[in-house]
Amino acid sequence: MDSLWEHYTVTDAYDEMRGPTNQARPSSDRLSNYLAGLDHKALDIRKTAADMAIMEMGITFTVYSDEGNIDRAWPFDIIPRIIENNEWRRVEVGLKQRLKALNCFINDTYNGQSYIKEGLIPASIVDSSSNFLKECVGMTPKFGAWANICGSDLVRDKDGTIYVLEDNLRVPSGVSYMIENRVITKKVFPELLQDLDVQPVDDYPTHLFEMLVSMAPNDIKKPRIAVLTPGIYNSAYFEHAFLAQQIGAELVEGADLIVQEDDHVYMRTINGLEKVDVIYRRIDDRFLDPEVFRKDSLLGAKGLIRAWKAGNVALANAPGSGVADDKVVYAFVPQMIRYYLNEEPILPNVPTYLCSDPEQLSYVLEHLDELVVKPANESGGYGMLIGPHATKTEVEEFRKVIKANPRNYIAQPTLALSTCPTLCDNKLEPRHVDLRPFILQGESSFVTAGGLTRVALQKGSLVVNSSQGGGSKDTWIINTDR
Amino acid sequence: MLSRSAERLYWLARYLERTENTARLLSVYMNLMFDMPMDVEISWRNLLTIFGAEEAFFRLYDVPNEQNTMRFLLTDTANPGSLFSSLNFARENIRTSRELMPDEAWQQVNEMYLFAKKNVETATNRRGRVLILNEIMRGCQCFTGFLSGAMSHNDSLQFIRLGRNVERADMTTRILDIASILLADDRSDRLRQHENALWMHVLKSLSALLMYRKHRRHRVNSGDVLDYLLKDLDFPRSVSHCINEVETCFKRLQKPEGLDDNLNALVSSLMATDIYCITPAQLHNLLDDIQVKLGVTHNQVASTWFLAAH
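In the order they appear, the protein sequences are chains A and B.
So in this note's numbering, the last one in the first sequence is 485, and the numbering has no gaps at all.
So in this note's numbering, the last one in the second sequence is 311, and the numbering has no gaps at all.
If you are wondering where the hints come from, they were derived from the structure by calculation, not from laboratory data.
Some hints could be false.
Stated by the list, open to error - Straight-line C-alpha distance at most 30 Å; calculated DSSO-like pairs for lysine-lysine: (1) A:K44 to B:K232; (2) B:K256 to A:K278; (3) A:K406 to A:K137; (4) A:K224 to A:K278; (5) A:K395 to A:K189; (6) A:K50 to B:K256; (7) B:K256 to A:K225; (8) A:K312 to A:K161; (9) A:K190 to B:K232; (10) A:K278 to A:K298; (11) A:K298 to A:K103; (12) A:K395 to A:K190; (13) A:K137 to A:K50; (14) A:K44 to B:K119; (15) B:K118 to B:K232; (16) B:K232 to B:K252; (17) A:K189 to B:K232; (18) B:K252 to A:K50; (19) A:K189 to B:K118; (20) B:K256 to B:K215; (21) A:K225 to B:K252; (22) B:K252 to A:K430; (23) A:K278 to B:K252.
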């Protein structure tokens, strides 16, 4: 009977579904049993159905290659990842706490920098951050909410502890896939969802919409909202279109917008110019406004920052929020929580060594083969060194890179990312996963029920980014109390 | 709505209409060719004439036989006017307009696209081709159905309607242009024997046979067919009906003064023409004039509402 699980071997990492002796964890009991009742053929039929649905629904992401941009089908693994509700409640509170503190930090950064005066963070770290925008000094968005949409990456270590690995405060993506993954699961395992108390995830667009409305300038009751996309060649274009559709917003490109003499933003419609009140922008700071930032940018709109500073348009996330999306600043988040909120951090950080600090740098250089070294400002898993998996030459190359620009690097111990049973060649095998929940902050805060689980599809690999061969899973927050 | 979106929806509708019309025309033409004796002066080449694509064809192929003509018009993506090309363009336009339309509409177009991509090889034989063409026609009709069941009659829909009707009127004139061969004074006796069948196929290629019969209650003949397809106000693919639709859209979109002057002129000249005693040359000129005026209207639509207008 137990054929699927018989050959499943848990590694020394924490497995999300099976305990150390390959017994089902209580929250995964039903799913485990259900899967055990399926043979390889039945699993294959479901996998094929999922692949078909993804193709037909057109769930894609764009990959840049030498042959031009290719739309790839979204990589999805049909086996869900389960998190127990009581555990999740704690994570949810921890994430809200974290984003609140980060927003206090950003606001402080642009308004007086009290934390530097109090010796919390060295001034040099903020001054040298490439994401600090001097144009934002003196601004305070409504509710002090700079980063309205945050995607934090969570990982679970060997002992089961959930750590925050990083906070993406610029233009985090993935939430559309979280929602679409559930749509597919409903097609593939309808019978399972009927028997289990799984929290829905499709309420996210409603909360996103409400948050954006709450940010509207001058308390406009029915603001006109636009999603600003770099266009169809952006890797996340699918998501931009998806979210615009879900919240009933206009999907605009830079060329659709114009800022007039009155410092208001307008969009070009068939009936002439119409005012825009809130912009959920999915363009990086530097490309937002050629008047202020990159002069060659065709993606943004001239005068956008002027309109924002005049208080005539809300931008989410606010320009300059990226100052907190820096792996060096990350290291200070627990202190921020204590300093601004006077609370103890609920979610721990991964221990982080700052290469800008000479003592910590020398430790890092001595232990390169055990550590993960990351650039402070990159995203997408690029330009990093995974010590235990790197060759000697790679390590030595990286040593030079770090020494050349220590401020730009941090190092962390290599965590044994937790694993989750994943369908590989019709068999279940453990593969490493992380989790990206999405947190909203406007007038109030919201956290998605679970988030996007990303899975490294290659055996032993820790790289979960979809641009580098990672896959994804539906994530179930399950109530086991009833 | 955004000017950019208006433009995309307009083109989406044009390309989808072109896809459906091409499928229907190829399918009917294949049927016609199966029926015709070998020595009659109707050939695969006439099909290229209807699409105005002879020059483009001979840049890519030598012989206008069944294989080559069909490949060129159906699957060849080197031909921007082929069915697959139109479908690709339609998909690209709807992919970038998903926030304006019911999800099913996007999925329908996407499924057609995937289907076409998967079956491109089977189009080389007649049986495979028939199946593909049927599937495409069905798919296009599903799309129209989704919209009629789930889409408000808002500005977005007006631009879809505009694109569809401009394209449709254009296609009807192209199909009727083949009538100039059927009406030529020097046509062969063999052709005269099959005339009735040919006119029936003209009606079929516009899905008009049944409605024609109900309306005219007369055997199929050249004068009635031409009159019906040019002047009938109720049949969805007649030129007059399409122009009416375009004018209705204009009103809904609160068109600027003078935008329909061009179409009004077109309608008056059409109505003033006695279709029953028209010569082949006059017919050709009339159809040509309609196509030119449709082009003018297209340009006016673009300069009134689309992004470049700003």
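**Asked** Checked against the structure, which of the hints given earlier come out wrong?
**Response** Violated hints: 1, 5, 6, 8, 9, 11, 12, 13, 15, 17, 18, 20 and 22; rest satisfied.
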